[in-house]
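Order-wise, the sequence lines are chains A and B.
Number 143 in our numbering belongs to position 143 of the first sequence; there are no gaps in the numbering.
Going from the second sequence to our numbering is simple: count from 1 and add 1000.
Do not take every clue at face value.
[To be verified] Far from chain B, some chain A residues (derived; all Cβ distances over 12 Å): (1) Met109; (2) Leu132; (3) Gly143; (4) Leu272.
[Unchecked claim] Here are the simulated distance ranges between beta carbons: (5) A:Ser38 - B:Ser1183: 53 to 61 Å; (6) B:Gly1012 - A:Ala41: 53 to 61 Å; (7) B:Gly1187 - A:Leu154: 52 to 60 Å; (8) A:Pro234 - B:Thr1020: 57 to 65 Å; (9) A:Pro248 - B:Arg1063: 35 to 43 Å; (10) B:Asp1060 - A:Phe58: 39 to 47 Å; (11) A:Ile19 - B:Gly1187: 29 to 37 Å; (12) B:Asp1206 - A:Leu272: 51 to 59 Å.
Since the hints were derived computationally from the structure, they do not count as laboratory data.
Note that CB positions come from ideal geometry on N, CA and C, so glycine has one too.
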Amino acid sequence: MSAATVPAEAPERRLYWAIADCLTVVRNELVHIARQPSMLAWQLGFPIVSVLLFVYVFGSAMDVGASVDYKDYALPGMFAMTMAQGFMNTATIVAFTRQLGVMDRYRSMPMAPSAVVSGRGVADVLGASLDLAVLASIALVVGWRPHGGVPRILAAFALLLLLRFALTWVGVYLGLLVPNAEAAGNLFAVALPFGIVSSVFTPPSMMPQWLGTVAMWNPVSSTANAIRDLFGDPAPHGGSWIETHALPMAMVWPLVITAIFLPLAVRRFQALGR
Amino acid sequence: METTSHAVLAEGLTKRYGATCALDDFDLTVAPGTVQGLLGPNGAGKTTAVRILSTLLRPDGGRALVAGHDVAKDPRRVRRHIGLVGQNAALDEAVTGRRNLILFGRLFHLDKRRAARRADELLERFDLVEAADRGVRQYSGGMRRRLDLAASMILAPTVLFLDEPTTGLDPRARNEVWEAVRSLLAGGTAVLLTTQYLDEADKLADRVAVLDRGRKIADDTPDRLKRELGGDRIEVVVREAAHLQPALRVLALVTEAGGEPLVDAEERRVTAPVEDRVAALTHVARVCREEGIAIEDIGVRRPTLDEVFLRLTGHRAHEGDPDPTTPARPDPSADPGGRGDPSAPPDPSAPSGKEVAHR
Chain A
1 MSAATVPAEA
11 PERRLYWAIA
21 DCLTVVRNEL
31 VHIARQPSML
41 AWQLGFPIVS
51 VLLFVYVFGS
61 AMDVGASVDY
71 KDYALPGMFA
81 MTMAQGFMNT
91 ATIVAFTRQL
101 GVMDRYRSMP
111 MAPSAVVSGR
121 GVADVLGASL
131 DLAVLASIAL
141 VVGWRPHGGV
151 PRILAAFALL
161 LLLRFALTWV
171 GVYLGLLVPN
181 AEAAGNLFAV
191 ALPFGIVSSV
201 FTPPSMMPQW
211 LGTVAMWNPV
221 SSTANAIRDL
231 FGDPAPHGGS
241 WIETHALPMA
251 MVWPLVITAI
261 FLPLAVRRFQ
271 ALGR
Chain B
1001 METTSHAVLA
1011 EGLTKRYGAT
1021 CALDDFDLTV
1031 APGTVQGLLG
1041 PNGAGKTTAV
1051 RILSTLLRPD
1061 GGRALVAGHD
1071 VAKDPRRVRR
1081 HIGLVGQNAA
1091 LDEAVTGRRN
1101 LILFGRLFHL
1111 DKRRAARRAD
1121 ELLERFDLVE
1131 AADRGVRQYS
1141 GGMRRRLDLA
1151 ASMILAPTVL
1161 FLDEPTTGLD
1171 PRARNEVWEA
1181 VRSLLAGGTA
1191 VLLTTQYLDE
1201 ADKLADRVAV
1211 LDRGRKIADD
1221 TPDRLKRELG
1231 GDRIEVVVRE
1241 AAHLQPALRV
1251 LALVTEAGGE
1261 PLVDAEERRV
1271 TAPVEDRVAA
1281 LTHVARVCRE
1291 EGIAIEDIGV
1301 RRPTLDEVFL
1311 RLTGHRAHEG
1321 DPDPTTPARP
1331 DPSADPGGRG
1341 DPSAPPDPSA
1351 PSGKEVAHR
């Protein structure tokens, strides 16, 4: 049997391998999506049910004021909510990878250690793009139309993916923190209010004041309001500072989240060796 | 690279978790092409030792060279010379067996063609050609383990770590794994095998180190360990107490040099250490019949892990705390593949290799 020989690896090749290994992990994750489209359906189940529920069941009873069609208010909100809750999937996969021992196998191999985490991040953003494509198609079918012009529409989707990317680090961190994949599933108890106590379904100005304040300052609200603006259907709001600065805050929030959780996730990953 | 003829050389390895000492001043040498067993109950420090030697865990003290490289100072180099098979089959459940091997081959930095070729070779070698293009989710426990072994053999490692490779497997799957491990040794790979089962260490290992509460309490060949700790014992239970003394005289005939037959009057049982189990059994059975000693039960059995432990430590094997570094076992209800947990591991305290001849 011809045993494969050990390839040489010079230190200056580290950056090369950090990228190459990341892409190898990403490619494998894409095979996952291709092999089990049902996973995608499962992930999109909640937003899709929400679309049907809020557009057809509650839709006619909903009045967010300022003569805004509820569809145009709620659908972009659901895009933002789907991105916000995506960290759950990241956390579950990370916890499961660790629980199965695949994380240990990766760590005992000569691959770039950073690729374990960076591969997850890139794969999740690609997966989220697919989520968005499916959701946007459903939205178009039920009658949603963006009217901002192509650059603004692209900018809106970029902001959504930026939020998802930032929350990936929250997912990696939590996935490494929880004892197993089942516990990661319980994070839905956090993800659910994080998604809905926001401007996703109703303007915070229509909530009780304390709840409205929480909802306003929820990063999901900034992204949701910013993309409504970019899609050409600005959300009615109470005029507070955080609401009038939705667009810049939709960029600042993800950066803040990344600045906090990327180092936490990396430290947690390194702590596996202690 | 430091010059050393050892595949593994560990000196004074220590790992603490708070007040618990998971590994205490642990020394070990493993020669190339041999199997070193690490035997002990849960919490004895076996997994901690393997995790340190496979660069997954940094030691608090001591040093270790694996394939000539320091695990703490140069983990990346060590990683190119080791394979790791942990307590769970560490595979990507969602893709095929072949894709798993190609994925890990690529992450071992083989180019596309070589990764594919290596995958083919390993599938052939581990008898997985037919299942190669099926999803791992459909694999049996034994097949998973074989694929797991194959994945850890991609670079033909100098040292292969097998952490309880047969825990949770049924006897047939255990045999499959043992066969696969034996076939690796011809290539000069050194194997460090942890196990809770004495018979597994006995069947596979050239040397066995026994761990208890983080300390190494014995390190020898399985034969010498068993001899020292009491090897096979013949057991005779007589029908009537009056036959105890005659039975004792018969057993004295087959008792190994330096051993002594023992009487347990309450159970009407006589036991004695023997060297040749089959000869002793047939001899005792024949002589007892000739002399009219009525036997209720007769058998030869090997010492159990419990007995080995009792001898070595004066306490039973399962008093230890759970190993703090043992990763959580997969919870079947959290398993999206729905493969369910493998059947509960066999009771390690059950007598192994027991042969009982009833009259």
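Outcome of the hint check:
no.	hint	verdict
1	Met109	violated (6 Å)
2	Leu132	holds (22 Å)
3	Gly143	holds (35 Å)
4	Leu272	violated (7 Å)
5	A:Ser38 - B:Ser1183: 53 to 61 Å	violated (38 Å)
6	B:Gly1012 - A:Ala41: 53 to 61 Å	holds (55 Å)
7	B:Gly1187 - A:Leu154: 52 to 60 Å	holds (55 Å)
8	A:Pro234 - B:Thr1020: 57 to 65 Å	holds (60 Å)
9	A:Pro248 - B:Arg1063: 35 to 43 Å	violated (53 Å)
10	B:Asp1060 - A:Phe58: 39 to 47 Å	violated (59 Å)
11	A:Ile19 - B:Gly1187: 29 to 37 Å	holds (33 Å)
12	B:Asp1206 - A:Leu272: 51 to 59 Å	violated (32 Å)
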